[in-house]
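A.B. asks: Please work from the sequences and hints to get the whole structure.
Chains as they are written, first to last, in UniProt numbering: chain D, 1 to 524; chain C, 1 to 119; chain L, 1 to 467; chain B, 1 to 99; chain H, 1 to 545.
Any given hint could be a false lead.
[What the hints assert, rightly or not] Once the Cα atoms are required to be at most 30 angstroms apart in a straight line, the calculated DSS-like pairs of lysine-lysine come out as:
1. L:K99 x L:K89
2. C:K60 x L:K357
3. L:K85 x C:K37
4. L:K85 x L:K99
5. L:K99 x C:K60
6. L:K89 x C:K60
7. L:K353 x C:K37
8. L:K353 x C:K60
9. L:K96 x C:K37
10. L:K99 x C:K37
11. L:K85 x L:K96
FYI, nobody ran anything at the bench for these hints, they're computed from the structure.
Residues per chain, in single letters:
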Amino acid sequence: MTIPWLTLAIALPALGALGVALMPRDRSEHAKRIALAVSVATLAVVIAIAVQFEPGGPRLQFEQVQSWIPRFGVHYAVGVDGISLVLIALAALLVPLVLLAAWRDTADFPDDGKGYFALVLVLEAMMIGVFAATDVFLFYVFFEVMLIPVYFMIGRYGRGADRARAAMKFLLYSLFGGLLMLVAVIGVYVASARAGEPTFLWTELTGPEGALSGLDTTVAIWLFLGFFVAFAIKAPMWPVHTWLPTAAGSARPGTAVLLVGVLDKVGTYGMLRYCLELFPQAAHWFVWPVIVLSLISIVYGAVLAIGQTDMLRLIAYTSVSHFGFIILGIFAMTSQAQAGAALYMVNHGLATGALFLVVGFLIARQGSAQLEDYRGVQRVAPRLAGMFLIAGLAGLSLPGLSPFVSEFLVFVGTFAAYPVPAVIAAVGVVLAALYILWLYQRTMTGPTPDRLRSMPDLSGRELLAVAPLIALIIGFGLVPRPLLEPVTPAVEQTMEQIDVTDPAPSLDEAEAGAAADQTEGVGE
Amino acid sequence: MELYTPILVLGGLAAAFALFSLFAAHIAGPRRYNRAKLEPYECGIEPTPQPSGGGRFTVKYYLTAMLFIIFDIEIIFLYPWAVHLDALGLFGLIAVVLFLVNVSIAYAYEWRRGGLEWD
Amino acid sequence: MTSTIVAGSPALTTVAQADPYLEGFGGDPWWLIGGKVLAIFGFCVVMALLLIWGERRIIGRMQNRLGPNRHGPFGILQSLADGIKLALKEDIVPAKVDKVVYVLAPVLSTVPAFMALAIVPFGPEVTIFGQETHLQLTDLPVGVLLVLATASMGVYGIVLGAWASGSPYALLGGLRSSAQVISYEIAMALSFVAVFMFAGTMTTSGVVEAQAGGNTITLFGTEVWAPSWFAIVLLPSFVIYVITMVGETNRLPFDLAEGEGEIVGGFHTEYSSLKFALFFLAEYINMVTVSAIAVTLFLGGYHAPPPVTAFWAGANDGWWPLMWFMLKLVVVLFFFIWLRASLPRVRYDQLMKLGWKVLIPVQLVWIVAVATMRVLQSEQAGTAVVVSVVFTMLALIVAAIVMWDRSVSRQEAAEAAEAAAQEAALRDNPMHGGFPVPPKNAPHYGSSVAAEPRVSRQEPRKEVTGA
Amino acid sequence: MDPMNYILLAAVLFTIGAVGVLVRRNAIIVFMCVELMLNACNLAFVSFARMHGTIEGQIVAFFVMVVAAAEVVVGLAIIMQIFRTRRSASIDDASLLKH
Amino acid sequence: MLTAGGTLASLDPAVQEAPNIDYLMLAPMLVVFGAAVLGVVVEAFVPRAHRRPTQLVLAFVGLVVAFVCLLVQVRELPADSPGVTIAFATVAIDRPTLFLHGTVLLLALASLLLFAANRREAFAPQAATIPGSEEEREHEEAESEHTEVYPLVLFAVLGMLLFPASNDFLTMFVALEVLSFPLYLLCGLARTRRLFSQEAALKYFLLGAYSSAFFLFGIALVFGYAGSVHFVDIDEAAAAGGAGVVEQGEPLLMLGIALVAVGLLFKVGAVPFHNWKPDVYQGAPTPVTALMASGTVVAAFGGLLRVFFLAFDGLTWDWRPMLWIVAILTMVVAAAIAVTQRDVKRLLAYSSVVHAGFILTAVVAASPEGLAGALFYLAAYGFTTVGAFAVVTLVRVREGGAEAGELSQWAGLGRSHPLLAGALALFLLAFAGIPLTSGFIGKFAVFEAALAAGAAPLVVVGVLASAITAFFYVRIIVLMYFSEPQEEGPWVVTPGPLTGSVIGVGVAATLVLGIMPGPVFDHLLPQPAQEGVPEEASPMDMYVR
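C.D. replies: Encoded structure:
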């Protein structure tokens, strides 16, 4: 391959961010346009990657490996498999939409939003990098550096008086996890050095032939824990989720979209990619504890979401619940569940992103995210309400919308291995219906108070920002194949790596594949 | 050690003599109380009140003490060298000259900046 | 004696060597030690008493007076009588003194004075009651350092006595005195360096031996008779030693510490009775000590002066050297007294200036010069090298003196110009400098005397260091 | 005499100095205690040098003396400066140090 | 020839040979020393008006020439051995030394720029005057200044160069004092808060002298055990069970090591010997603090590494537990105290203590990787620190006022001066160990070494301490970016070319060492042992014997 596509996708927004940051302050309109253009260009690059990706090809494609710090066996190594590809695509898609949505929000920013747009681009580079990295060290670098732009996006460009504290909370939680992960990363290095040549390359570390294959189980458990805690904080999982509602509540909706939509997926992605594949023996050891925690997350998040009065916080809590589903799917260790989890990551990004965007439009109109400030919006702003409804229904995984496919897969996969947890998790679905519908009912229906009468409906720009998401939610709900096609082989390879086969008692593997096909058919 | 014993004996004798003298003066001298006699001598006027600890004095004395230390140390190094000058030869000479140059620079600094001015 | 030279290996090795000069010491029986100690003690006290008397007589003679002549023949018992008188005086301890230190200070001053004489060689090896021994209490590998050490300890007596007195005069005198002593001690110590170079030892007996007999010096191929005294070979060192020994003992013309005109009695203002006598005694013993050191290190010690041996072969045998030593000692002591009779007291700043700005730099240059010459000789450098080094050094010295002279004259010229400018400015405007001088043309101010120029406030500040 | 006795003496002196630094409040006395410690070190060096039969320890002692002298110069300069300040008008309490 | 009666003591012929000194290998130190001495001459003879420029040029040229000499040295060093020893093997020039020398020289250059840029603001016009006195005011009006600071800095730098290069305890002790004395004096020269500055100097001096006395007594005990003060000899003597003079001398040796460690740990500022750091950092003029915080720490750790890795190499099992405890204490206690600090310089001081703890974890590792990691950490930390203090010199309470020490006075700096605040934020993130900064690579390197040596609990403690420290670094960032400026607001001096370049160098070093540390590890730092099992490699092989 002659064109380093992935590097291009990382470098483009990074350089764009630099350019935007260096623009003079009185040209911030230009800065915004440049930022949007860069993000669209990045999207184009990512689409190009996606088009060239061969689902049946080798696991890692578009690989690029370059020695970085030879002393520590660190490489600049990027490459994508199906799972990371869809997540990169999600990130690349959401960024221009967020920029578009935030276009008019920038008046009250200290520097007319120039800095904010630059930070978003930096974040985009980091997000693509973190999913593309195939070197543990590089992954860690992206994982940690990502905090900085988010920190400033919340703390400096956020909403409300509490934003500095929220930013700090976010940073400290993440740093704490990150530092624990650092120990584990170093541990991986030391372990690989003991096994021979020290390396951080994911490809050389994993697998039965990998440098970590001979790892002592006790050590592996500790290292697993180091990674897992970091990812659990990021995901966010009960009981280390508390930063998310605060952060999301104080963030701009655009920030929240990226935060919940993409950033937190790093946690679940990391569990799938690193926790499971680097330390399969430890992962088996941890299955039950993690499942319990994820169940608590599902129920707890849903229950708390019901009680929220702030829309942003409410959505954040729903996410806690949804992330519980994802983690449950990952640790159920069946191919359906994991495929569902991978899919869920994308779909959740789309659905929650749309929800946040719409709430953002509301906030832009009324300056408040409180439920009680809104009533009967659907009369004055039907398009807005419509979008809100679809996004909300996606959030409760209504069949026909894309999250349904993933949630269903997770259920099926989990039930096959762990029926009781699957049943408990179903409680979450019921609660989801409750909080979403209630949310819609309280804000959109009913008599419109006078102060809302003059509220404008969605403008063209706003529509442009949210419509693609809605379209994709519906589209993938009907035809999930484009997502499943790249994800499934990756999941199967993962299963292979960690030496797990589907437990389906009555079905052999071929039939399991057929079952997967059937589930695809459900969507259609 | 035998070399040093006689010095100590001599010192002891001297100390005994001095202490005896003090004692003798105490015994032999008269004792007549007079308040004025017990005050510090100050040409007949009322003595100036003295701050505790001996009062203030000019920093010059401090500078002299510092200089003394510097040169005393210099001498510490010169003596062994001088005694073995013949054995140390040219190398020793050059080393000591370099050393002296450095000390002289400190000395010149002190001189030029008025550390050696007494008024 | 150990040779303290670093070998070329990482581990610093040592070769313990018995110093040949120390072989005869340390073996005395206890009764001999006791006898010697008593003899030195007695010698000190008697010398001090005689010195005081002699000083008064000689000065009297020089000033066309009689001096003390009542007690004993020629008044020789005058000092003893003074001592007894002091003992019978009231021992006043002022109320404000720090008692313990005040009482101990005279002791601290006296003891070191005695101790320094322990290493002075009064004569060569003699036989006392069948016991071969040196006419010297003991000798040390670092012999001469003992002199410096005791001199330094003597300063404690002065400083502590002054401080404990609680009187401004005493304090000022004590500080002055100690500053003076330590200043001159440096020059004194430096003056020993050249001696050690030539003697190759720090034992006093070794230094004396090094001055024995007449030496020949090979200079440019011809043998020249050279005097063996270091006072002649190392004349600059000797001159400086003589100056410093006067300064070190606080004697005229350097007796600023007790400059009666300024600070009454100096550090012992508050002392009376035998305490005062102890200070007094210490001062005179110190004179004896430094004179004895002068004799030992520079004047050939107990050896007979060179011409004597030419016609009296036995002059250095048996107990005779003791006589030569005493003679030399008396000559040096006479010199002390002579100085006192002849010279006025210097100002304190002149004293310190002499010590710091003349004696020390001259010494340093001299030491380097001597060492260079000696090393060049022992390395057998060619004549050309020697000559060129000598000329280079001379040139450097001359250049330094010229530059110094020029800088001094420049400074003087600048000061003169400034003074002239001040005067001119004052002539034009009596108010110049801000000093409230009534204008000259004021009706009642007709004096023709020029007003004293005042330093103006606007003048750039002189730099100060420390103060 | 057993050279070990000198070592013990050195240790005692060192301890006295070390304790003195901790218990005394006067800067000059603290400073003198430090000097005492240095001199105790010198004693130890010289005694050990004697025991080992080398002069390395004596050489160290020489350098320590030099260093101690330089320390006196520097230390007294600082202490004097503070004392001059303290005696003059505005005296801040010594609590500045007790941070 | 004049013979003084043939009285010269006959001398051992072994001592006659003149020593051979490789002056090129000493060149950097000699150059710095020469410049310092010349500086004193300048003080004595150059008229006052010309002194400052002369001193500045002299100091800069001295340091730059020293650095050039260093580059030549790097080429001259024999390829097949770790280095060479010079002058009776009292000085060792090997790769760790050269790296430290280069670091120290560059840091000193940067600090010197700060000295030059802040001479009026940072230093008292005349140190000898009494604060608040008429005399002081006069000096202020006359614009007096202490140009002596430049030679003093050079002397301190000389000590910093000699300290890690010394190959025996005597040289090390002398270097320690050469390094310390000028700093004691420089500490008391602050223009504002003179009393505080003077007390800081006093405290620094007394504690410094106290600790060096411990150091010295430790040396004496080790000397008593080993019969030598040379590191290599000590190592050999320890292996052989002592020099045989003292029966059952191990307690002597242990006590000696402990006391030596006290002296060294004081200089690096490890808990419980850290008390001086906050006061001194706060009280000293900021350029001096910059020099101390960067150069001194580098030099002190250089010496510490050499002592523990060379002289006490065979005794690793004896000193390791002690350093374990010290490292843990240092990281935890300092991090905990730092959280409560309200003053920028005190905060940086405590942060310096924490970093000392991190580096100590690499010392505990006692491996070539640990050595390399510690060296890298030192360089990374040094440059970042210099940059941070350079920023501190710029922020003032009000126009023409004193430096803004209180953290609260920094509120809103990010809004008014985004670039400056950005630089400081970068430095703080580097301190916190965020990836893509030098601090992260440094932390990675030291923790990696410690973990490889089996000190996992230490690493975990280190990581937790990092998290705590991150809290207070981030708090400053919060203050700068997220808080409203106070009414008076911080007033920022426009950085001149001098301060500007220091900050620039700090930023560049922080980023370059963070993003491309490979060349430094591959070419400048000692390499891990190529052959054999890693666990058995000794850091001693990195040093010249």
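A.B. asks: Straight-line Cα separation of L:K99 and C:K60 no greater than 30 angstroms?
C.D. replies: holds, 28 angstroms
A.B. asks: Measure nothing beyond the straight line between the CA atoms of L:K85 and L:K99; if it is 30 angstroms or shorter, mark the hint as holding.
C.D. replies: holds, 24 angstroms
A.B. asks: Need the status of pair L:K85, L:K96: alpha-carbon distance at most 30 angstroms?
C.D. replies: Satisfied, since the Cα-Cα distance of roughly 26 angstroms is no more than 30 angstroms.
A.B. asks: With the threshold set at 30 angstroms, check whether the alpha-carbon distance from L:K96 to C:K37 stays at or below it.
C.D. replies: Holds: L:K96 and C:K37 sit about 11 angstroms apart, inside 30 angstroms.
A.B. asks: Holds or violated: L:K89 with C:K60, Cα cutoff 30 angstroms?
C.D. replies: violated, 38 angstroms
A.B. asks: Please verify whether L:K99 and L:K89 have alpha carbons no more than 30 angstroms apart.
C.D. replies: Since the Cα atoms of L:K99 and L:K89 sit roughly 19 angstroms apart, the hinted pair holds (cutoff 30 angstroms).
A.B. asks: Verify the proposed pairing of L:K353 with C:K37, using a straight-line Cα cut of 30 angstroms.
C.D. replies: It is violated: about 38 angstroms lies between the C-alpha atoms, which goes past 30 angstroms.
A.B. asks: Going straight from one Cα to the other, do L:K99 and C:K37 come out at no more than 30 angstroms?
C.D. replies: holds, 16 angstroms
A.B. asks: Are L:K353 and C:K60 close enough, with their CA atoms no more than 30 angstroms apart?
C.D. replies: holds, 13 angstroms
A.B. asks: Quickly compare the C-alpha distance for L:K85 and C:K37 to 30 angstroms and report which way the hint goes.
C.D. replies: Within the cut-off at roughly 19 angstroms; holds.
A.B. asks: Straight-line Cα separation of C:K60 and L:K357 no greater than 30 angstroms?
C.D. replies: With Cα atoms ~15 angstroms apart, C:K60 and L:K357 stay inside 30 angstroms; holds.
The structure fails to meet hints 6 and 7 from the earlier list, while all remaining hints are met.
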